[in-house]
Amino acid sequence: MATTTIPKNREQVGFLDYVSYAAGDFGCNMAFTLAGSYFTIFFTQYMGISSLVFAGIMVFLKIWDAVNDPLIGGIMDSTHREFKRGKFRTFMFYGSFLLFISGLLCFLPVPGAPDIAKVVLCIVGYMLYDCSYTLVNVPYGSLLAAITPDPAKRTMLSSARQVGSFLATLIAGSLLPIIIYDANNELMGERLFIAALVLGAIGFVVIQFCVGTTVERVQTAPEAKQEKFNYFAALNNFIHNRAAIGATLPAVAMFLGTFGVSNATQVMFQAYFQNAQVSGFLSLCTQVPMFVFMPFIGKIVSRWGKKESAVAGTLVSIAAAALMFVAPITPDNAGVAVFFILMIIYGLGLGIFMCTMYALIADAIDYSEWKTGRRDEGTTYSLYVFFRKLTNGLAPSLGLVIMVWLGYNEALGAAQPVDVALNMRYMVAGGYLVAAVLEFISLKFIYNLDKKTMDEMEADLAKKHAEA
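In the working numbering, the protein residues as written are 17 to 484.
Since no wrong hints were added, every one of them can be taken at face value.
Straight-line distance between alpha carbons at most 20 Å, and here's what the computed PhoX-like set of lysine-lysine pairs gives:
{"#": "1", "residue 1": "LYS468", "residue 2": "LYS169"}
{"#": "2", "residue 1": "LYS315", "residue 2": "LYS169"}
{"#": "3", "residue 1": "LYS387", "residue 2": "LYS480"}
{"#": "4", "residue 1": "LYS169", "residue 2": "LYS467"}
{"#": "5", "residue 1": "LYS315", "residue 2": "LYS467"}
{"#": "6", "residue 1": "LYS467", "residue 2": "LYS387"}
{"#": "7", "residue 1": "LYS134", "residue 2": "LYS78"}
{"#": "8", "residue 1": "LYS169", "residue 2": "LYS479"}
{"#": "9", "residue 1": "LYS468", "residue 2": "LYS479"}
{"#": "10", "residue 1": "LYS468", "residue 2": "LYS480"}
{"#": "11", "residue 1": "LYS467", "residue 2": "LYS479"}
{"#": "12", "residue 1": "LYS479", "residue 2": "LYS387"}
{"#": "13", "residue 1": "LYS387", "residue 2": "LYS468"}
{"#": "14", "residue 1": "LYS468", "residue 2": "LYS315"}
Quick caveat, the hints were computed from the structure, so don't treat them as lab data.
Take the sequences, apply the hints, and build the full model.
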C-alpha cells in the first residue's frame, strides 16, 4: 500500500472520521438508490422494453460485472505507487466524475426512440454506471480496513456508514415516489432524469468531501508487500477465505430479498394498495430500526460478538416475514399499515447485521492476513461487492420472470388485474422470508469469526504488527 502522511491531530480516529466515512456512503447511495430502485421500472413501464427482454439484458450485463469488479479490485491491490490522496481515495476522486455523468445516461427520457436505440441506451448507460460505481464504491469499502485496525472502531465506522446510507434513503427513497408517480399511480419517467441530475450533483459533492477528509492510517509494511501481485492467487485466497465467504453470503441473501421483489413491491403499491406515493417509506421501515442498536452496538458486539448478535436478529426477521403470509394485509390503508409494521419488525431483526455488515468483511481481510500473510483489501472487497452487485442485477431479472409467470404485464402499469396484484403481495412476503432464512444459515453455519476466534486473531495480529 502506498505510504501517506497522517495529518497532525488526526493520528487517532475521531468524530470527523465517522462523519467523513458516513458521507462516502451517502454519496454512493444517492446514485445507487435511484438506479437500484427505478432503473427497471423506467425502462419497462416508461421506455417500453418488455420485461422478459429487459431480464435478458440484465443477465448479459452481469457478464460485464464479472470482469469489471474483480479487475478494478486487482488493479488497486497491484498498485504500490504513492498518491497524494492515498490509493483508495484517488480512485474515488476520479470515479465520482464518471458516476455523475453515467447516472444521467441511465435515465434519458426518450420513450419515442426506436426499440434498438432504447436497448443500446440501456446497455451503455448501465455499463458506464456500473464501472464508475465500482471505481468509487470498491475503494470506499476498502477504506474501512485502512482507517483503523481497532475492531471496535471499525464497528462504529460500519454503523456510521449505515447512517450515511439511511440519510440518502430518507432523502432519495422517501421523496422520489411522491415526485415521480401521478395521481393514477403511473410513472412519470421524465422526472427521473431531473432526479438523476439533482441527486447526482449532491452525491458528487459529498463523495469529494469524503475523499478530502478521510485518513488512511493502516499502512502495509514494505517487507510485507508482495514483490509481484498475483490476481489469481488473490482470487483463490478469497474463495478459500471462509470469513470472507461467510460475510458475503448474508449480504447477498439480504439483497436477494430486497431486489428480488423490488419490482413486485412497486407493482404491489401501484396495483394492490393503489398508493404508489407511499412506497418510498418501505426502505425506511427496514433501516430506521437499525438506529435502535446503533448507540449500543459497540457494547453489544463486545459483550456477545458480531456473529452471535447478528444470528439472533435474523430469527426475528424470519418470524416477521412468516407473519406476512397470514396477517390481514388488505388492499387499503389499514393493510399498508400492517405491512409497514411487519417490515419494521423485520428491520429490527436485521438491525445488528446492518450495523456490522461492513465490519464483518473488514475482519475477513484481517483473517486473510492472519492465515496467509496477504491482505488484498481491494480484491477482497471488490469480490464482496461483485457478488452483491451480481445479486442486485440477477435478482430483479429473476423477479421479473416470476412476475410475468404470475400474470404481470408491464404495459398495464398500475392497472394490473386483481389476481395479479394479489400475487405480487404474496411474492413480496415469500422473497423476504427466503432472504431471512438464508441470512441465518450463512451467519450461523458459514461465517467462522465468533467472539473467541476474533479475540485470538486480534491478539496475534497486534503482536505481528508490533514486531514489523
